[in-house]
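K.L.:
Between the sequences and the hints, there should be enough to build the whole structure, so can you do that?
Read off the chains here:
2 protein chains.
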Amino acid sequence: MADDTDGTTSSSASRRRFLGGALGAVGVVAAGSAGFGVARASEPDASSTSKARPRVPFYAKHQAGIATPAQDRLAFAAFDVTAYDKQSVAVLMGEWAAAAAQMTKGLPIGSIETQPQNPPIDTGEALGLGASNLTVTVGFGPSLFDKRFGLASKKPAALADLPPLPGDQLRKELSGGDLCVQACADDPTVAFHVIRNFARIARGTAVMKWSQLGFGRTASTSIHQPTERNLLGFKDGTKNIKDQDVSDFDDYVWVGDETDQDWMKGGSYLVSRRIAMHIESWDTDYLADQENVIGRKKVSGAPLTGTHEFDAIDFAAKRKNGKPVIEQNAHIRLAAPQFNGGQKILRRGYSYTDGIDPDTGLLDAGLFFIAYQKNPHDQFVRIQRKLGQYDLLNEYIEHTGSALFAVPPGLSEPGDWWGKSILT
Amino acid sequence: MADDTDGTTSSSASRRRFLGGALGAVGVVAAGSAGFGVARASEPDASSTSKARPRVPFYAKHQAGIATPAQDRLAFAAFDVTAYDKQSVAVLMGEWAAAAAQMTKGLPIGSIETQPQNPPIDTGEALGLGASNLTVTVGFGPSLFDKRFGLASKKPAALADLPPLPGDQLRKELSGGDLCVQACADDPTVAFHVIRNFARIARGTAVMKWSQLGFGRTASTSIHQPTERNLLGFKDGTKNIKDQDVSDFDDYVWVGDETDQDWMKGGSYLVSRRIAMHIESWDTDYLADQENVIGRKKVSGAPLTGTHEFDAIDFAAKRKNGKPVIEQNAHIRLAAPQFNGGQKILRRGYSYTDGIDPDTGLLDAGLFFIAYQKNPHDQFVRIQRKLGQYDLLNEYIEHTGSALFAVPPGLSEPGDWWGKSILT
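One line per chain: the protein sequences are A and B, in this order. Quick note on the numbering used here: the first sequence kicks off at 299 and runs consecutively. Quick note on the numbering used here: the second sequence kicks off at 299 and runs consecutively.
It is possible that some hints are incorrect.
Unchecked claim - In silico DSBU-like pairs for lysine-lysine, Cα to Cα no more than 35 Å straight-line:
id, chain 1, residue 1, chain 2, residue 2
1, A, K403, B, K537
2, A, K684, A, K445
3, B, K684, B, K445
4, B, K616, B, K595
5, B, K445, B, K470
6, A, K453, A, K540
7, B, K616, B, K537
8, B, K595, A, K403
9, B, K403, A, K540
10, A, K403, B, K540
11, B, K403, A, K537
12, A, K470, B, K470
13, B, K537, B, K595
Claimed, not checked - Covered by chain B, per the in silico footprint, the following chain A stretches (three or more residues, Cβ under 8 Å):
id, stretch
14, 410-419
15, 495-501
16, 504-516
17, 528-536
18, 603-614
19, 704-716
Calculated from the structure, these hints are not laboratory results. Just so it is clear, the structure is predicted and the values come from calculations on it, not from any experiment. For every residue, glycine included, the Cβ atom is placed at its ideal position computed from N, Cα and C.
P.N.:
Below, the structure is given as structure tokens:
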């Protein structure tokens, strides 16, 4: 490992080598006064040696994976820190950042072949698959700010635990976490490779609490993407914030001057909800009822008051019998900004299936919902309180997992890492 | 539904309508003397209305999904029949065949919008995604030939249950099944759509026993495909039977005159094995040891006696100390045809991950191995008996699921369905 040869290894890296050297994690820790965080890979650019696939820049004002047009596939994981000191978390963030910088270029985290008597620095399964638009987005859960690491004074008010919400059927083993990583890519192996290597690098410092693969994106975040369908068979995300809505990002997504914690400026808050769909029941429901539940037509995605997907919704329209065309508790009415104090969220969900539910014998499948916003309590919680109570869709869905993470702003340059200003 | 209007509905279809009409399954049952099995969709060709994605012909001498160049994604499911009569199985096969013919063209199974007061005939999530090279491959498990349906005399000798194999750690809930469907496509939603709709159509006749999503193919089956990597980070399938090996298909894959059951001529036998990988342990193993376990170099895939992936393997080569370069129990030596009486199998595996193993807290991930062969007892069992006992890789893997299915030959034309000659 080239990093081992310059003789200026920092004390953090030395400790890390002692704790985790057998894992090869030190290979991504740059030695020297700049601290940890920079891989010095000798591999050539992936685009010259393998399929050229597009890259998303890793160093930027905001973390990639939020405003980035939603990629096709998701691998998501939550971790709990098992170490007892803040410094270990800092080292981990440096190592993860260095690894992410490599992977988002389509490069292995470090050398695979240089030292036969050591474990490879990269697990190898993504070799040759290129960057595939990979983004790696990291966040901090409310529990990271408990007594363990002395971070209580750095906890943003917006990161207060989500309150219990109507209809919640949350399972602890699918909820929460000190840290999260959202890996999105157009190739599922490229996304999984991040989760697996982050878990490997974390060994001794953090353990994976839960993970979720998403096989199909459900919410386009760009006007250049067609709206994809969720497992209800309906287009999902027609009214989502799209990349051209620049002011919406400032108004609803990016944390600004309103924050009580400067380190979060330019960041966002991620809410994930594992929403199981009772698809077998849904599939026996009549088309007209399905469309009334959602408030849109199934095939076209048009509102029931219109003919094309992007037609404005006429919530006041009445049927001949005087009842509203879009029912009072239709999903799109309850979720609409005009009935939620103008609030919006940026959705970025994915369909999932995790085999057969052993309790019911039915397919365990649904939507892994992800939303970004500047304040989850003003935005997601406000909307979900209403949806959880009244949404006609509740007959067919169940929220089984929930998590909240503060997603700090983007990293500025090699050597930067997530939470540097609060962890050092 | 157009099928309801010609007034010649068969008694089978009527019964089916009575039993399952609310599910909309009848929409795919063609009425009339030809029996069930043909959808009469009025939708235009998908390629004219949505993204044009390539199709694999559904009606052919052999079922597609075996010799077809391996697609990127897999959805697989095993079903147990809950009905008590052969006729119900026959109806189900007819309905599945009609549905598969539609989906492999990139079309919905049936009309979604025609009858608002009925459930849609197709669940809708794959609308607009095209055919995506979808193949739907159906098989019959040994248990289908027990006393229930009077099929015992039709059971091929080659379909005898797999014997216990060395090292097996099989879980019943991930093994076996009366029926199977392998859906492969270049889009995961297109593949999942098959499993979900087959389960929907089967309601009242069969229930899903287990299912498995595979996110990345590991065994190329065409010389035009690069060899992909499994989650060990090694290229997998270098020596696989490839599409240009036409004589290998006749010698090893397609059932021929040797069969005791004529209905299986042109078919094949599918063995699936859910192989969990202890990837955390593997990731701490030294590169040199990983390469000795496999017998190949990690990055290039070359045998340890060569320099390029497709170099011939020199099993006799010795090191200076007199020991073989490729160890006696290296994976590629034990699996090589020359040490297994010349036997080969056609592999078609996919990487999977199913979240965190609640027992260990580690990633539940590995290889969903699929192999096709003309006789599983002469081929897979022979090879696995040796691998299960001696393979150096056994330290890092565990077979947790197993199933065997007789895969009948391809369907000849609309109106044909799987097992027609033994179920009528």
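K.L.:
Does each hint hold? Answer for all of them.
P.N.:
How the hints compare with the structure:
Proposed proximity of A/K403 and B/K537 is supported: the alpha carbons are some 31 Å apart, at most 35 Å. With a C-alpha separation of about 34 Å, the suggested pairing of A/K684 with A/K445 holds against the 35 Å cut-off. Our distance criterion of 35 Å between C-alpha atoms is met by B/K684 and B/K445, whose separation comes to about 34 Å. The straight-line distance between the Cα atoms of B/K616 and B/K595 is roughly 17 Å, inside the 35 Å bound, and the hint therefore holds.
In summary, the hint linking B/K445 to B/K470 is supported, as the alpha carbons are separated by about 21 Å, within the 35 Å threshold. Our distance criterion of 35 Å between C-alpha atoms is met by A/K453 and A/K540, whose separation comes to about 30 Å. Of the supplied pair hints, the one linking B/K616 and B/K537 holds, its CA atoms being roughly 22 Å apart against a limit of 35 Å. Of the supplied pair hints, the one linking B/K595 and A/K403 holds, its CA atoms being roughly 24 Å apart against a limit of 35 Å.
For the given pair, B/K403 sits about 32 Å from A/K540 by alpha-carbon distance, which is consistent with the 35 Å threshold. With a C-alpha separation of about 32 Å, the suggested pair A/K403 and B/K540 falls inside the 35 Å cut-off, and the hint holds. Annotation: proposed proximity of B/K403 to A/K537 holds, straight-line Cα distance about 31 Å (limit 35 Å). At most 35 Å may separate the alpha-carbon atoms for a hinted pair to count; A/K470 and B/K470 meet this at roughly 27 Å.
A threshold of 35 Å between alpha carbons decides the hint, and for B/K537 with B/K595 the separation of about 14 Å falls inside it, so the pair holds. For the stretch 410-419 of chain A, the proposed coverage by chain B is satisfied: 8 residues have a C-beta within less than 8 Å of a C-beta in that chain, meeting the threshold of three. With 3 residues bearing a CB less than 8 Å from a CB of chain B, the stretch 495-501 of chain A meets the requirement of three and the coverage assertion stands. Note: the stretch 504-516 of chain A has 9 residues with beta-carbon separation from chain B under 8 Å; the three-residue rule is met and the coverage holds.
Proximity of the stretch 528-536 of chain A to chain B, defined as three or more residues with a beta carbon under 8 Å from a beta carbon of that chain, is established by the 5 residues found. Restraint check on the stretch 603-614 of chain A versus chain B: 0 residues with Cβ-Cβ distances below 8 Å, three needed, restraint violated. Restraint check on the stretch 704-716 of chain A versus chain B: 0 residues with Cβ-Cβ distances below 8 Å, three needed, restraint violated.
Hint check: violations occur at hints 18 and 19; the rest are consistent with the structure.
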